[in-house]
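Participant: Sequence:
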Amino acid sequence: MKKEEYIKQLLDKYLDGETSSAEERALRGYFTNRDNNIPEEWMPYKALFAYIAEERADAVETAPTADSSLNKARKTGRHGWIYTAITAAAAILIAVVMIALPRQSDNYAVIDGKVYTNKKVVEEEALKALEMVSSDEEDNFGALELMRQ
Numbered sequence: 829m830k831k832e833e834y835i836k837q838l839l840d841k842y843l844d845g846e847t848s849s850a851e852e853r854a855l856r857g858y859f860t861n862r863d864n865n866i867p868e869e870w871m872p873y874k875a876l877f878a879y880i881a882e883e884r885a886d887a888v889e890t891a892p893t894a895d896s897s898l899n900k901a902r903k904t905g906r907h908g909w910i911y912t913a914i915t916a917a918a919a920i921l922i923a924v925v926m927i928a929l930p931r932q933s934d935n936y937a938v939i940d941g942k943v944y945t946n947k948k949v950v951e952e953e954a955l956k957a958l959e960m961v962s963s964d965e966e967d968n969f970g971a972l973e974l975m976r977q
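Quick note on this note's numbering: the sequence shown kicks off at 829 and runs consecutively.
If you are wondering where the hints come from, they were derived from the structure by calculation, not from laboratory data.
We treat Cβ as the ideally placed atom computed from N, Cα and C, and that holds for glycine.
Be aware that one or more of the hints could be misleading.
What the hints assert, rightly or not - Under the rule of at most 30 Å between Cα atoms (straight-line distance), these lysine-lysine pairs were calculated in the DSS-like manner:
#1 841 with 830
#2 956 with 942
#3 830 with 874
#4 874 with 841
#5 831 with 841
What the hints assert, rightly or not - What follows is a set of in silico ranges between Cβ atoms, one per label pair, in the way DEER data are often shown:
#6 871 with 834: 17 to 23 Å
#7 871 with 837: 14 to 20 Å
#8 916 with 951: 39 to 45 Å
#9 910 with 947: 44 to 50 Å
#10 941 with 916: 40 to 46 Å
#11 849 with 920: 40 to 46 Å
#12 836 with 886: 26 to 32 Å
#13 848 with 911: 56 to 62 Å
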């Protein structure tokens, strides 16, 4: 069988997703070998397999080695306690600031620009405000009826 016929069969299998690793390696070898006289209609495959070969080479170059992973772990271990100490110090600082700040009452009333926190004054002002906005039995939202017309 001629080389081109064999490659054609491999290409058909490749396009059907039925090639083995060895057959794909043979295709990559054929299309990346500069000595092969590749037919014009197969040039897209040459570009495809050249790209695949290049990506595989890049993946091998950038793959982390066991030594680099170990060094990274050692660096993380060395600096890990520093990050833990900084985090703990920040948490303590926040806690101290929260405790040291003067507490203000949750309820207050502003009367003539002055803030009152006395519970009795706040309750009285709240009741006055409710009376201003409340309606009596006689006013059954008559204003809404006027708006309809």
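Participant: The structure should be examined with respect to each hint, and the outcome stated for every one.
Facilitator: We went through each hint and held it up to the structure:
no. : hint                     : in the structure
1   : 841 with 830             : 17 Å, holds
2   : 956 with 942             : 17 Å, holds
3   : 830 with 874             : 19 Å, holds
4   : 874 with 841             : 16 Å, holds
5   : 831 with 841             : 15 Å, holds
6   : 871 with 834: 17 to 23 Å : 19 Å, holds
7   : 871 with 837: 14 to 20 Å : 19 Å, holds
8   : 916 with 951: 39 to 45 Å : 44 Å, holds
9   : 910 with 947: 44 to 50 Å : 49 Å, holds
10  : 941 with 916: 40 to 46 Å : 44 Å, holds
11  : 849 with 920: 40 to 46 Å : 58 Å, violated
12  : 836 with 886: 26 to 32 Å : 29 Å, holds
13  : 848 with 911: 56 to 62 Å : 49 Å, violated
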